[in-house]
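Colleague: Letter by letter, the chains look like this.
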Amino acid sequence: MANYNLKINGKTLKTEVSPDTPLLWVLRDNLGLLGTKYGCGMAQCGACTVHINGEATRSCVLPVSAVADATITTIEGLSEKGDHPVQRAWDAIDVPQCGYCQTGQMMTAAAFLKKNAKPSLEEIEAAMSGNICRCGTYHRIKEAVQLAATKM
Amino acid sequence: MTKNNSRRDFLKSTALGAGGLILGFNWFGQEASAAAIVEGITSEAGNTAFNAFLSIQTNGIVTIFSPNPEIGQGIKTAFPIIVAEELDVDWANVKVLQAPLDTKKFERQVAGGSGSIPHSWQRLRKAGATARQMLVVAAAKQWGVSASECSTEKSFVIHTATGKKLGYGELATEAAKLTPPTDVKLKDKKDFKLIGSTIKGVDNEALLTGKPLFGLDFYREGMKFAMIQRPPAFGMKLKSFDALAAKASASGIEVVSFKDKVAIVGKSTWEVKKARDLVKIDWEKAANLESSDDHNRIFKELLDGKNEVRRKDGDVEMAFKDAAKIVEAEYQCPFLPHNPMEPMNFFAHVREDGVELVGPTQTPQNAQNQTAKLLNIPVEKVTVELTKMGGGFGRRLGTDYVLEAAELSSIIKAPVKVMWTREDDMGGGSYRPAVRYRFRAALDKQGNMIGYTLRGAGLNAGNSTRQDNFPAGAVPNLLIDSAEHKSPITTGPWRAPITNFLAFAEQSFIDEVATAAGKDAVQFRLELLEKAKTAPAGEIKYNIDRMKAVIELAAEKSGWGKKKKGVSLGFSVYFSHASYVAQVAEVVMKKGKPVLQKIYAAVDCGIVVNQSGARNQVTGGIVDGIGHAMYGNLTFKDGTPDQKNFNAFRLIKMNEIPAIEVSFVNNGIDPTGLGEPALPPTGGSVANAIFKATGKRLRNQPFIEEDQKLFESVS
Numbered sequence: 000m001a002n003y004n005l006k007i008n009g010k011t012l013k014t015e016v017s018p019d020t021p022l023l024w025v026l027r028d029n030l031g032l033l034g035t036k037y038g039c040g041m042a043q044c045g046a047c048t049v050h051i052n053g054e055a056t057r058s059c060v061l062p063v064s065a066v067a068d069a070t071i072t073t074i075e076g077l078s079e080k081g082d083h084p085v086q087r088a089w090d091a092i093d094v095p096q097c098g099y100c101q102t103g104q105m106m107t108a109a110a111f112l113k114k115n116a117k118p119s120l121e122e123i124e125a126a127m128s129g130n131i132c133r134c135g136t137y138h139r140i141k142e143a144v145q146l147a148a149t150k151m
Numbered sequence: 000m001t002k003n004n005s006r007r008d009f010l011k012s013t014a015l016g017a018g019g020l021i022l023g024f025n026w027f028g029q030e031a032s033a034a035a036i037v038e039g040i041t042s043e044a045g046n047t048a049f050n051a052f053l054s055i056q057t058n059g060i061v062t063i064f065s066p067n068p069e070i071g072q073g074i075k076t077a078f079p080i081i082v083a084e085e086l087d088v089d090w091a092n093v094k095v096l097q098a099p100l101d102t103k104k105f106e107r108q109v110a111g112g113s114g115s116i117p118h119s120w121q122r123l124r125k126a127g128a129t130a131r132q133m134l135v136v137a138a139a140k141q142w143g144v145s146a147s148e149c150s151t152e153k154s155f156v157i158h159t160a161t162g163k164k165l166g167y168g169e170l171a172t173e174a175a176k177l178t179p180p181t182d183v184k185l186k187d188k189k190d191f192k193l194i195g196s197t198i199k200g201v202d203n204e205a206l207l208t209g210k211p212l213f214g215l216d217f218y219r220e221g222m223k224f225a226m227i228q229r230p231p232a233f234g235m236k237l238k239s240f241d242a243l244a245a246k247a248s249a250s251g252i253e254v255v256s257f258k259d260k261v262a263i264v265g266k267s268t269w270e271v272k273k274a275r276d277l278v279k280i281d282w283e284k285a286a287n288l289e290s291s292d293d294h295n296r297i298f299k300e301l302l303d304g305k306n307e308v309r310r311k312d313g314d315v316e317m318a319f320k321d322a323a324k325i326v327e328a329e330y331q332c333p334f335l336p337h338n339p340m341e342p343m344n345f346f347a348h349v350r351e352d353g354v355e356l357v358g359p360t361q362t363p364q365n366a367q368n369q370t371a372k373l374l375n376i377p378v379e380k381v382t383v384e385l386t387k388m389g390g391g392f393g394r395r396l397g398t399d400y401v402l403e404a405a406e407l408s409s410i411i412k413a414p415v416k417v418m419w420t421r422e423d424d425m426g427g428g429s430y431r432p433a434v435r436y437r438f439r440a441a442l443d444k445q446g447n448m449i450g451y452t453l454r455g456a457g458l459n460a461g462n463s464t465r466q467d468n469f470p471a472g473a474v475p476n477l478l479i480d481s482a483e484h485k486s487p488i489t490t491g492p493w494r495a496p497i498t499n500f501l502a503f504a505e506q507s508f509i510d511e512v513a514t515a516a517g518k519d520a521v522q523f524r525l526e527l528l529e530k531a532k533t534a535p536a537g538e539i540k541y542n543i544d545r546m547k548a549v550i551e552l553a554a555e556k557s558g559w560g561k562k563k564k565g566v567s568l569g570f571s572v573y574f575s576h577a578s579y580v581a582q583v584a585e586v587v588m589k590k591g592k593p594v595l596q597k598i599y600a601a602v603d604c605g606i607v608v609n610q611s612g613a614r615n616q617v618t619g620g621i622v623d624g625i626g627h628a629m630y631g632n633l634t635f636k637d638g639t640p641d642q643k644n645f646n647a648f649r650l651i652k653m654n655e656i657p658a659i660e661v662s663f664v665n666n667g668i669d670p671t672g673l674g675e676p677a678l679p680p681t682g683g684s685v686a687n688a689i690f691k692a693t694g695k696r697l698r699n700q701p702f703i704e705e706d707q708k709l710f711e712s713v714s
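Those sequence lines, one after another, are chains L and U.
Numbering that gives the first Met the number 0 puts the first sequence at residues 0 to 151.
Numbering that gives the first Met the number 0 puts the second sequence at residues 0 to 714.
Hints should not be assumed to be uniformly reliable.
Here are some chain U residues pointing at chain L (derived, C-beta under 7 Å) [claimed, not checked]: (1) GLY71; (2) LEU206; (3) LEU207; (4) GLY209; (5) PRO211; (6) ARG421; (7) ILE539; (8) ILE543; (9) ASN615; (10) GLY619; (11) THR639; (12) GLN642; (13) ASN646; (14) ALA647; (15) LYS652.
Reference listing, derived: stretches of chain U covered by chain L, where coverage requires no fewer than 3 residues with Cβ under 8 Å from a Cβ of chain L [claimed, not checked]: (16) 150 to 159; (17) 196 to 203; (18) 338 to 351; (19) 382 to 390; (20) 620 to 628.
In case anyone wonders, no lab produced these hints; they're calculated from the structure.
These numbers come from a predicted model, not from an experiment.
Where a beta carbon is used, it is the ideal one built from N, C-alpha and C, also for glycine.
Extracted from the complex, chain U is given alone in its bound form (with noise of 0.2 Å):
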């Protein structure tokens, strides 16, 4: 290969003149393309398009189109499966493409929050359910009958009476020129096949055959490759710049400089990253470059200072003056980077007439807009392509690396795709906030709780609580606060953003006020929400009789209450995203370590879409858990994080996970989010189990860390 020689001509020169050689490249950018697959199919000959969700070809295969971004959460198989159902088609017949931004046709392309389910429900059932009256429309015409005569199955119309059917290839020309009706009905409930079965990703073979589906897949002939060295610690900014050897490092280097960022461009991944290391950059300090140790300083400053009042009910004075116990108690969690397996990168290319982004994104519209407005241009010149996401856990809701990839793609006036490193990605901020809390209760002489005060500390963390949050409305006196101090650390949204670690802390007090009150964990629990019922405290924004279903299925599926040798019970239950989970977990001792043997988790989210892809959510979201509380830790030395891979920064394992039993209650309530609400209630049952075991009230994430010698085998 002669430097010059672009891709293509590679691929030529290499066929032509290799004899036996058999060629091992084929350009692959056009595969990894969502949109030029989308195009392709669309224009597909009798291939008709019924609205913004579904094309039916003549052979009867379902298009079904999925807009919002795919991080794991399964959404890709999720939305499908609810406009399958509508249509009535047959699954096997389905097949399932990535929709780019578009926001003509699609709402809320986005995956955060837990909330693409309910958001599109309803818009979902009504695109397959549209269709289906179509189709029936146009059978019943054929038949010369009325459309009430008519069912479907499986992808055809029946005529009932007679037995008649038409398939729905055979029909979706016709069926395409009707105008679709406004006011479908939707089906029963009752009458789900597909919704509530357990159906496999979608992406399954091409995944497990190694096809390329990921942002870091995307390659364009042309294309150049980039990495970017930032400010090495939170605080710097850069000073000055010598790229002299790296340019010379290898041919095509180009070294340029915007915002406090040296980017490094060229023909390869290893050349570029060999180049960054050759450059030299002075930085400079621009603000306090603070340390763990300054952290803990400032947790106490906050949490004796000043707060903002977040929720206030009753008298909470005269409750603790009135009180025959007060427990007090304090929490901490650190900081904590996301770590998808992906690290961040995206593509982009700056032309005279539009702007070109691919990549993944948990927020394609924001991508959109922010790139409109850093380069001066209309929105609708920008396009955003999604590609499938190695994991994002709230990362890829920001910006930043694809606004990044845009300036820069405007410098060099080329096709760049910009990947970031493990340690630029660990590094590079946008953390889970670290925050502290402080807890009080008040405890008449029956045990009841009539007083609670609780204080959030975070740095960065916005509002660190979450004021409505259970017990709120179970306790008539109650405060709740909060203080922040503003870090040059950068933060952002981390899956289950706040409850994360907010709900580890709360359901650990609550099991510390109910040891103080001698009363039994799910009783006391159960006895606020009976509390919450007859004598509600304010305003209750959580719906009780769920959250008691949950505690009681998950207190039946463990065997709560009764004896088992030799192991200790811990129990939590977290409202977050609108969803239910109430967790059970399972400590024995094992030479004379506390070992985590099961998790039970009790989930109400409505009615389940998809089997499969729910129990892998609620598996995952407690493995998550469990992972970052026992583990998780950044900390930081003058303003650069200690922890920038996986040698430093551990991450859970497949030998260090307990048996996970998950139920579901089937309510028939319209489907709420899983992505995040399995996660909040782990730290703390795990937290809670442990303390029936040895006494240790953990009180500090990452735990392995709080106590060392708790988790060390005693021989």
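This is chain L alone, in the form it adopts within the complex (with noise of 0.2 Å):
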């Protein structure tokens, strides 16, 4: 075991636990930050994806030991009342069906659009093409990712 001062969200949070332990089940159990999805647990799907320096990046296979000094954001952190445009674009375009993954997908989506503020299509797809959506709203999830850019 070890301790953490974890800086999530622009808060520094403490917490003692194993270094090896995936940030995914950091957030999850031990600082009940709970938006962050487990879906594979080997970085295939995308559910658990997070910021960590601004970098969309998979939680379920990051140990904590390697983010103890880095600044990690989370959905809960993505903005402070839910309006980022990207989660304003995802409510106006009503992408979910049982939304387990759009966490992932606008933590995804967020970076993305961070970087690349006039993305064409192609590069939409490129860069979504890692979040798996079971339910198959990818048309809305582009759609949303496209809005969204115009208001970044």
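Join the two chains, each given in its own frame, into one complex according to the hints.
Modeller: What follows is the structure, given as structure tokens:
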């Protein structure tokens, strides 16, 4: 076990946990941040995507020891009032079906749009094709990313 | 954090001793508990319950309870829309809550069979209309006028002659004292304002900000975490296990065994997962360990062996003897896991005085009944709280994962959440059964189908046919039968059970027959329907006119019959779960390979309750259908699936979807469900379009593995 003061969503959060624990489970089991989801545990589906120093990263295979000094953003910290352009676009287009993968989808989209404010459709598809949506809401996700791009 | 600290202790000590640190932890079990929320609302001052479905607060806020499990089908939005329509309430004043299982208040709290909307349509309308009538009577009383002089609009009762208005909130307390009328008049469908409009999901805000809603998000103070090691192959059982290393790996690790399973219990997900890897388990063979090669042999034996007749019209033997042409083909589909993004999980707390169950289930009442039976206690002692589900696709119609949690909690005498990893989930069974079909069709000289036989051979598929579906009724001589092999590999309903692969086979084979007859695919189907109408053979259990209407709508929208340069079209139509869906797939050749460019879908589900939800279901069902027809495959070696996670099992991704254009038939018929019906016709429309484009007839799913070369680019 080791002590960590993790920089998450602009706050410093303290926890004691085994260093090999994936960040995903620290967020969920220790810190009560439940918006980041478990889907596969091997960085294949994207449900657990968070931002590490601004980069979209899969938290299910990322040991907490590797992010002890990193700046971490989860869906809970993407915006203060749930009004990040990506969150607004997701609501405007009414993207979710079951909704389980959508926080990961939005975290991927938000990091992508920060780097590429005016993406082409092909660039959106390339950026988003690592995130699985079992309900098949891909058309609306694509539309929502396009809409969010106009509001960033 | 010392190891003996409870979560709450942790909360306090961190807050006191941390100085500048901001606490990121609060116990969220309360927030995730639907029952707690429900209780809070109904006990709120000035909130009056009108019936099982709704209550109204003095400030005008209407709380609508949605009893059916929300699995992504949008029922938590659709049900309240129907209530709110008849209540004539301003949608902005509506708050929706998930109701827990309550067999006294509600009926059929099930998410399955696309049956929620058709079952509850009248019931929900009546709930809204009854409360509305009570509000009207209360207002009329206050004004000293007749109720018939009053109307309602957007949460107000209005006295038409004087224009006097009273809000629902002001009337609620008095109105609720009245005896509910039993024969309220429902709205004329042409006056619907909410029904048929575009309404966003009621959980959007919570979902998009990461609030805890799902089963895996449920945490409770003092709750233990558990994973279960189940037999690694279908046909194996537990011999012995050694948990010494596992127990030493972290504090509080417990290892117990029941029903050929070994459960690892601990204080966090990760500690439990690591401990599980350390348990040494010996398994032994208890039944045949089947491989995919065995299945291919079994299919052949079943197709050539004894079969159970499902439907027989006319004289098939004679028809084939008289035939000018005979068409024969076989189609095969593999086992498929459901793969909901949220794997199986459930919380159970077996106490002296009762059992608390919380989690994602499509059948809460089954969970309740079977838990009561398992633990030998009265049903009333078991409560079931419904969380939102991260998908289900039929997997959560089963109760195995609920019972496991209940049994484990009863053994360790503690509240516990059992979680399945993706590998547990994909390897854990209840699959879509694998099936092989053999078709034969007899054509006369004019290209009329005079004989038709279908034989289904399934592995734990029950009746792998749907003997009364089209073209039954349209062919004078028809024989449909099936055979089944009982396999140790477990199967269960998978979104649009049986029809999710039968429709592909039937609609592809009909295409083969039309081609052999030298007829247009749409024309051929319409001619068959005409025969079903004018000279029906046996009983007809689909509506001929409704099927014809979706065929014509899909043909019209896609420009069927008009030449589009470089574009090949494939047709398919299917009736399932009481709705009708026709599809046209467009395929173009790019770099020498067929690329699915667009799918047109024409849908008849009667009245569309919510345009946004309905379109999402149809589009999603088609994407699901394409993905599994193209890529989905679960193969076996010695009883163990070869694919256990998304690195090996390929799900469709964003860059693999075509454009989809959805059109609804607007016929005003009472609504039927949409969770399933758009999926079945998909494999057929795609395969038929690929045949048109390449001349290659795809008869085995997944397509990508039947003919890898076909889908490779030629540079």
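Colleague: Output the indices of the hints that this structure fails to meet, ascending.
Modeller: 7, 8, 11, 12, 14, 16
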